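Letter by letter, the chains look like this.
4 protein chains.
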Amino acid sequence: MFDHSIKDLTLAAAGRHQIRLAEREMPGLMALREEFADQRPLAGARIAGSLHMTVQTAVLIETLTALGAQVRWASCNIFSTQDEAAAAVVVGAGTPEDPQGVPVFAWKGETLEEYWECTGRIFEFADGPNLILDDGGDATMMLLEGAAAEGAGGVAEPGEDAPEEARVFAAALRRSLEAEPERFTGLLRGVLGVSEETTTGVNRLYRLAEAGRLPFPAINVNDSVTKSKFDNRYGIRHSLPDGLNRATDVLMGGKVALVVGYGDVGKGAAEALRGQGARVIVSEIDPICALQAAMDGFQVMRTADAVGLADFVITCSGNTHVISADHLVRLKPGAIVGNVGHFDDEIDLAAAARLPGMQRVEIKPQVSEWTLPVPAEAGLDRAETSFIVLSDGRLLNLGNATGHPSFVMSASFANQVLAQLELFARTEDYAPGVHRLSKELDEKVARLHLGSLGADLDELTKEQAAYIGVDVAGPYKPEHYRY
Amino acid sequence: MFDHSIKDLTLAAAGRHQIRLAEREMPGLMALREEFADQRPLAGARIAGSLHMTVQTAVLIETLTALGAQVRWASCNIFSTQDEAAAAVVVGAGTPEDPQGVPVFAWKGETLEEYWECTGRIFEFADGPNLILDDGGDATMMLLEGAAAEGAGGVAEPGEDAPEEARVFAAALRRSLEAEPERFTGLLRGVLGVSEETTTGVNRLYRLAEAGRLPFPAINVNDSVTKSKFDNRYGIRHSLPDGLNRATDVLMGGKVALVVGYGDVGKGAAEALRGQGARVIVSEIDPICALQAAMDGFQVMRTADAVGLADFVITCSGNTHVISADHLVRLKPGAIVGNVGHFDDEIDLAAAARLPGMQRVEIKPQVSEWTLPVPAEAGLDRAETSFIVLSDGRLLNLGNATGHPSFVMSASFANQVLAQLELFARTEDYAPGVHRLSKELDEKVARLHLGSLGADLDELTKEQAAYIGVDVAGPYKPEHYRY
Amino acid sequence: MFDHSIKDLTLAAAGRHQIRLAEREMPGLMALREEFADQRPLAGARIAGSLHMTVQTAVLIETLTALGAQVRWASCNIFSTQDEAAAAVVVGAGTPEDPQGVPVFAWKGETLEEYWECTGRIFEFADGPNLILDDGGDATMMLLEGAAAEGAGGVAEPGEDAPEEARVFAAALRRSLEAEPERFTGLLRGVLGVSEETTTGVNRLYRLAEAGRLPFPAINVNDSVTKSKFDNRYGIRHSLPDGLNRATDVLMGGKVALVVGYGDVGKGAAEALRGQGARVIVSEIDPICALQAAMDGFQVMRTADAVGLADFVITCSGNTHVISADHLVRLKPGAIVGNVGHFDDEIDLAAAARLPGMQRVEIKPQVSEWTLPVPAEAGLDRAETSFIVLSDGRLLNLGNATGHPSFVMSASFANQVLAQLELFARTEDYAPGVHRLSKELDEKVARLHLGSLGADLDELTKEQAAYIGVDVAGPYKPEHYRY
Amino acid sequence: MFDHSIKDLTLAAAGRHQIRLAEREMPGLMALREEFADQRPLAGARIAGSLHMTVQTAVLIETLTALGAQVRWASCNIFSTQDEAAAAVVVGAGTPEDPQGVPVFAWKGETLEEYWECTGRIFEFADGPNLILDDGGDATMMLLEGAAAEGAGGVAEPGEDAPEEARVFAAALRRSLEAEPERFTGLLRGVLGVSEETTTGVNRLYRLAEAGRLPFPAINVNDSVTKSKFDNRYGIRHSLPDGLNRATDVLMGGKVALVVGYGDVGKGAAEALRGQGARVIVSEIDPICALQAAMDGFQVMRTADAVGLADFVITCSGNTHVISADHLVRLKPGAIVGNVGHFDDEIDLAAAARLPGMQRVEIKPQVSEWTLPVPAEAGLDRAETSFIVLSDGRLLNLGNATGHPSFVMSASFANQVLAQLELFARTEDYAPGVHRLSKELDEKVARLHLGSLGADLDELTKEQAAYIGVDVAGPYKPEHYRY
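Residue numbers (numbering that gives the first Met the number 0), protein chains in the order written: chain A, 0 to 482; chain B, 0 to 482; chain C, 0 to 482; chain D, 0 to 482.
Heads up, a few of these hints could be off.
Since the list gives no way to pick out one identical chain from another, each pair is judged satisfied if it fits inside one copy or across any two copies.
Under the rule of at most 30 Å between Cα atoms (straight-line distance), these lysine-lysine pairs were calculated in the DSSO-like manner [to be verified]: (1) 107 to 438; (2) 331 to 461; (3) 476 to 331; (4) 363 to 331; (5) 363 to 107; (6) 461 to 438; (7) 461 to 363; (8) 107 to 461; (9) 331 to 438; (10) 476 to 438.
The hints are simulated quantities; they were obtained by calculation from the structure and are not laboratory data.
Only a predicted model underlies this, so the values are computations on that prediction, with no experimental measurement involved.
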């Protein structure tokens, strides 16, 4: 019923201890447990979750079950599982032989084949899932692409140049199609909706909706202010230096760091690096974000111009191949390259791996040293360069550290819980398409986190509320307000 | 035709020199002049402008005329006019006897009566105005309230408790009604629309639109990213310490500063004060903004709890009476109180002025020392307190300094010019109601300002643009993106 | 008895008001007045003071007189006098016809001739001065060079290339020698010592002492921690942006600022500029300070490489010609150049003024626009450049603003008062040569300033004091401790 | 010949890889190797080293041997050894059976008995050591106390209240005295001097010198600017958040952190915590440092007043019991307490451990949760509190992370190498007593580190050097300059 590698009571006990400490740092989730303890408003919900299986996610899962839901879980990243957290969630109040927790299909260091196998298993409720909780959109993609393949009666062969991920995914669908030709089509019928965690997943959803291919409502949790402006910014501010430190122990102070992209993630990255005394250069494609970077005191350069100056290159773009193989060969020897943006394709390591003479040596898990030949046309005075790559270009804050800290995830995950509640209890209010959570709920999430920071709020007088045309209890800002 | 106090060639020459220096710092406006030099797309436009008559506004006005418009101007604040700028704009290429510039009705230190007299005169084009450019909404209000009064055949008497402003405004309308009973009704017919600069004015417009009382399209310039996130934040970051310094010369380092409100203005204020070594406390009513303040490292307290700890109290709220008379009596002796939010009613000086025993001594223009009795119930060990009030609670960055710097205003005003262009050249695209400028134009404004900061942009490859589903040329973000 | 320009009761009243406000911000001086009110330990002291005649200096002067001293005063800079402060100090409790205050010989905008005339008059006590309070060393220099000239029977003719200052000074000595051939020799006999405010003056004193030419003890006030690390650093952090704003109103955010020298002044300048969102580049000659700058996150470049990139060039070096004419011609058009270091020769404007084709236009007092031809060998694509020079290269924080704020000067001046007390009351403890104030007194000055910042100190237990080998009451650090 | 636990080729290979990466980050040491490669000026030196046995120390050790020295090594802390670094240094070019490196006596997690056993073995050169390289002074103490005991013919019995460390140390001396009654007396004769790394060790040395008990010269490496202001400040800025993250994964942003002590270590700690968005409160006993903290924008409170507000309590004092048991019982539940100051007695855990009802649970290695009863007189509304203690009060940046990063240690260790060179090659220039390295050498260390940060220095012209009275090549500052 769950993966053997985590059938381990010792591991589970260690995980339980960490979960208990994390609960202290997740006031939003704990407040929701308290608020809804009697009501159990998710009774009857069957949630298929695909999200990094960390200690914080364990607190999310156990909040969902405390509200009455049944849950099955996989990680959305092959490296991001904390095995002790997975073990603790699986065992729950039971033993390895008789686990009474939640089925989790995840371990640190899955193969791509195992990854899709695990993802497939989160749907295996007896009655199928009725809700999906997604991070990056892989669970949703599997469901929709699977159903599409079943409709078409086959899976298109990925092209020659397709990344390995695409080929492995196609193979997984093909196996499913052979084994159970109507599987995803059936599952799809029961699904009330999905709540999605990330920019990347949300972008996929908007494109699906535009293409008329999104058959259920999706709640864009990512764009709650208490998610996008907290998780993306303050989470990265915390976990980027943490990942760099654990991976390399290299001083950031006095060094040059190139931050590729100055969205919320880039803003958090730049702030963290400056806070450690690094000199930060930002590259951007969006003139508004670029102007913000300049006004915040950062040098704004083209990636190609800056890449040879940097001791650290950190991608925060949400786009593909923002560090190309051509950029990589121009890196300073000893430079450290990592990604906190989204997918592993922000850095085009695949292209670099195809360069003749390329060498890759693993220094320690998730830290490798790459050596590339420097072509004559680069105009540099060296024949090769070698640099450090973190987590093979995957999210270094997850691969080399433990991801965002609990407090930040409490805000994100409180949004997730509220989104699941909306989809389950107020289904009729949400048509197929992509929705954001209401500002009331967003403000509620913020409010749940103020107390433990010792922050006290003023209250509007009625006169003041009338003056600015809002309710005394909020929401306080127009929809377009940017915070 | 214009006020005598500015019929002064020496003053005009000084203003012209400052305008020339400001042009260097307003790359956005200068680029628009260059782009549209031949086209003169505003030929035929008659713009009635009400906006602080500063050197930067002079560059805006002369950009509008360079694009072909006729313009008449008043300030939107009785203290904010820079007389030399007004003089230079009036004289233009002419002399005091034969001015060839733009009629300006504004001087530093108007009375309230003079203020509304000046505002009235901006409408006096032979054919009436066809566009309004507004800051705070007073020109729009005069037009709409004037027409309403004409429709009703009279002006309602403001209540006993109404602020002096309301009474003076009512008197002005009444005089107009007597002199020319259909004046505003007639003017209204010709107006194609208004572009509005500030949060305050925009809020008024939204309420008018909701009430069905907005008969023309309004463009909300304030909520362009390159306005709200630049002018409000980076402008205040610059001009708040400038105003404090010019007014008081008091060290900010090591002191406690209370920032009331953590919107864009408050964020800029807090950053500036911290950058000078002050310890900043934030008060807020919005839990999201409060959580941002906490995460940015500021203490978040209730105003009433913090007001007795602060050496500086700076209102940034956009609301009324956020510093009440009760707060004022609890101030530390020597505290400095000022407003960079919006109207002068953020600090309830009117109520404080009614306290028995209150004394006010002007130290220098726009800087006064107030002494208030401390009631026994305040539980303090003093019988009175005295504190410094800047600009009588009006915008201190304008009253005690010279407002936002040119570069910031270049971004705001480039938005204004584009908004006027839209209203004039693409009238049919804008129905009555409140509109924001398109993200294309917002990004354009940003782009116009990067070069002079030495910032270079990356460009998306076609592959990358497709990957995130945007055009290579932008816009790059969804409407709800918060920057 | 004092200069006519300040015989003005209105001016004096304005000055008195400012002095009263400044007293609130100078807790160190006010505490010393209180501590020594009865004792009057400076009774019998005749202090010849040469230090910027500002409002803060007025509080210093009146602290010295409150402690019993007779005082005569001049400014140490031709631009730095605040006339209302001078007037208030002169008038004291009297009237212009019957002033009962302190004779002050200073006004804003002296000529060099007037400057030395004023300096000469501070020595004219009936019995001569017995103490000197100096800033930059001009009073001391006049005394020692005057006596030397009297000994030699003549003043050496400055060379052709000597700066104008040197020629004017020589002329002043020559006039004195003719009028009263033993004047300075006589004065010198009565002098118990000098306390010196600045790095520059202290360097002069050390060189005099090394050369065996310092006949009395000198107390190096500059190197008290509560002076050098407070005035130089925190004072500049405050007054540099203040001066830039008042002079130019140009946005610092997003701009490039070159800070020449990263000593305490440079550290304060860099912090202030970064705090306003500027991107700061530092140039240095000292590898330790350069390494500090790098570790603090600033780019460290050679001046010649950076000067063409900067929107602001601020000299903080304490050295001569750190910005040469060759640097000036490479400035970006529109760049703003100013000095907060020490003498006006940090920027070699004298050499620039000799370039053929040079033009200088005064924009407003203390702000001028220089236009210089760009030589072909500069390799730039322009034939000339024009830039803004603040205060003609003199200290811009004094010339364009009002100098350091009162609170910072309270720390510096409390050191001055304690130094004068030491020289007068413990004369025998100080041999000729340069001394620093004891760490006890330095800590005392700090202690006097904590209360008004709301800072509470822990106290060592006896066990803890013994553990680190200090007295419970301090001093707490070894002499070489760097803070 | 060395400890078996590190006889491990796999471990050694891993260590060697890390050493190779660290060499890239230690430009100072590598430059010294290059400069002295031919000369081998330490040939004949026999160095007994006691300093945290980390990867960086491995680069130091191999620099000393590259310069010709023989070396034996122990760690100066029972938790700080990185076993793979020790293994690599031991094996050198050899195998476990035939190691050709340096004898190292150190492993992570020594007992106190083992610790002194290891320290004893660093002296066991055939001809005895002639140099000591010390961190904290334990090697020096063992030598001097050992010789003293031998002179006295016995070891005084530590009192009842003596800490366990003292008893274990006395026992170690007693064993030595029995085994070899003249051992330390003999060793002492050959010692030319010691170079000491830390404030703590240096304080011990000054007290020994004052007491006439220091028979050889000691070089105070700690007070080189490139050590005290770099290692203490920038090292802690890096390694404090690293340690907190690895130990707890708890968000710093938005939290309250109490930094006890605002010397160089406290300054680095406060900067790091603020850089992560924490709100920092500082407590201090020194009014000058307290005033610096206030001017840097931090709240300054008494420890007792602040300790109940803090989420993080970090000791940086260099003193004993600055967090007492009384402070500990007042901590917020969940607070995290750690030390980056010096010895483990900064936090009086020993007293807390004696409180009835105290519980200590190890969460993971070097992280434990303590539960203490809250006495009624604390006036709190809880009967007990539980908090997290890092590394049992020992240095958390070493115990919970990997200590200062290589680059910072390169500066410290370059000072160590230069100090050893001075003691060995210029013995006659150093009398018994405590010396600091010359400013020339300090500047040299800085210079060796600029290149790899991309920092370029200006050079003084002869005119400028003369102007400030220094040599073109430096040193540039007077001895008392504070940087």
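Results of checking the hints against the structure:
Taking the shortest Cα distances, residue 107 and residue 438 never come within 30 Å of each other, neither inside one copy (36 Å) nor across copies (42 Å). Proximity of residue 331 to residue 461 under the C-alpha cut-off of 30 Å is restricted to the inter-copy arrangement: shortest distance 28 Å between copies versus 61 Å within a copy. For the homomeric pair residue 476 and residue 331, neither the shortest alpha-carbon distance inside one copy (47 Å) nor that between copies (33 Å) is at most 30 Å. Taking identical chains as interchangeable, the C-alpha atoms of residue 363 and residue 331 lie at most 30 Å apart only when both belong to the same chain, with a minimum of 21 Å there against 38 Å between chains.
With identical chains, the CA atoms of residue 363 and residue 107 are at most 30 Å apart both within one copy (15 Å) and between copies (20 Å). Proximity of residue 461 and residue 438 under a CA criterion of 30 Å is satisfied intra-copy only: 20 Å inside one chain copy versus 35 Å between copies. For the homomeric pair residue 461 and residue 363, neither the shortest alpha-carbon distance inside one copy (61 Å) nor that between copies (37 Å) is at most 30 Å. In the homo-oligomer, the alpha carbons of residue 107 and residue 461 never lie at most 30 Å apart, since the shortest distance is 54 Å inside one protomer and 35 Å across protomers.
For a Cα distance limit of 30 Å, the shortest separation of residue 331 from residue 438 qualifies neither inside one copy, at 46 Å, nor across copies, at 33 Å. For the identical chains of this complex, residue 476 and residue 438 are neighbours both inside a copy (8 Å) and across copies (20 Å), given an alpha-carbon limit of 30 Å.
The structure does not agree with the numbered hints 1, 3, 7, 8 and 9 stated previously, though it agrees with the rest.
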